[in-house]
Amino acid sequence: MQGRFQPACMNARLAGVLLLALWLMILTGCASTPRLAESTERALPRQALVDGVPFHSQREYQCGPASLAMILNHSDVDVAMESLIPQVFIPGREGSVQPEMLATVRRHGRIPFVLENSFDALLTEIAAGQPVVVMQNLSLPTWPMWHYAVAIGYDLDTEEMTLHSGEEAERIESFRRFDATWARSDRWAFVAMPPGEMPQSVGQRRALEAIATFEQVQGAQAALPAWEALVARFPNSGMGYFALGNARHTIGDTLGAIEALRNAVRQREDLGAAWLNLGLLLQAQGEDGEARRALSRAADLPGPWQKRAQDALET
Amino acid sequence: MKTLRRFLSPLLILALVLGSVSVSAAPLPASELVSTQAALSAERADADRERINEVLSRAGVQEQLVAQGVDLAEVEARVAALSDEEARQMAEQLDQLPAGASVVGALVLIFLVLLVTDILGLTNVFPFTR
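As they're listed, the protein sequences go chains A and B. First residue of the first sequence? That's 1 in the numbering used here, and the numbers climb one at a time after it. First residue of the second sequence? That's 1001 in the numbering used here, and the numbers climb one at a time after it.
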């Protein structure tokens, strides 16, 4: 038995070379020029370049703070890269991690929206005039070299991206090379927008979560325009109206809150929390009849708020 | 633990009672309504357990960040700006999270492989290969 395996051992070097070649061929096969959905391709202009994105050259490990400074400055937040470093950089990791990139955007009064991980979403945002922070692994998965850059333009005819990256402003990268390096972060990308504006390509659930987290950090007053924008974009979002109602209530606009909560239950009859809040607010306003109806709807719906609704009915 | 609990429970009850007294004086304070964040997380599973884990993980993240050299004066504000989900992610796997930095450990073999992949357009490690 032993003898039969010996030739394989002797040819290990050759086998290794062949394997490496095969592996590279497989890799090349995987990395092809990314394809856009036909509808996206028709909707987008052939070329786009976001004007006036300031460039900050990174110092050794500071591509995170540099990228943040670029998109925040573009969004009219006056913050220097030097003051972002202690807010996002982790000395022990010699880099910045994704959750903290988003958290830092929130601290500066902008809402970070993580994009759907597709090439279509990325180009759609650039065409809409938004610089997009992308995370790339410039090296191979085994020896990662993680990097943040800001995508600011594309050209569908030459198949090239334009990025503010590292120490190079308006660096041109082929679609193919860019997508190969970007795909290694599962195509992670985000934009930073002031409350009241939303990305073109964002879905309802992602938008809800993004704004709710922003509200947790910056408060209801700051988040209010974002909730208004959300229900304008998704008029059938019961959860959106519910959030709008809560934010209005927190800043003291009771009537506005009641109106929003009525819309919430109109869009989603099963939203127990909205029935409960509506009932409580109406009760405080002395509208006992409608309050009872709302509270009993909440009390009928199974869920975490059922008990509170039943208690409120008894008082 | 038991004695601690015996000592803490009356304090907690007192705090809650005092809390609700001041609350019932106002017409209808925000804290009585179900918050947007609570309703959203209730739509995900296991809201209660998440909430407990979240408190624990935020403390954990602070500790880890300090251990990684983050300034003490900054750490609280940094953790406060994370969502619950992000705090949990950081607490569980800060070591595995990719950190954008753009530096690679350079051995000769790695250098050669990366040079080839750079030329093939798969990677973008060396600026001179473009």
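What the hints contain is simulated information worked out from the structure, not anything from laboratory work. Just to be clear, a hint being listed does not mean it is correct.
Partial pick of chain B residues on the chain A-facing surface, computed with a CB cut under 7 Å [as the list claims (entries may be wrong)]: (1) V1066; (2) D1071; (3) L1072; (4) A1081; (5) G1121.
Quantities reported herein were computed from a predicted structural model and do not represent experimental measurements. The beta carbon of each residue, even a glycine, is placed where N, CA and C say it ideally should be.
We went through each hint and held it up to the structure:
1. V1066: 10 Å, violated
2. D1071: 6 Å, holds
3. L1072: For L1072 (chain B), the interface hint is violated, since the closest Cβ of chain A sits about 11 Å away, which is over 7 Å.
4. A1081: 4 Å, holds
5. G1121: Constraint on G1121 (chain B) satisfied, holds at 5 Å.
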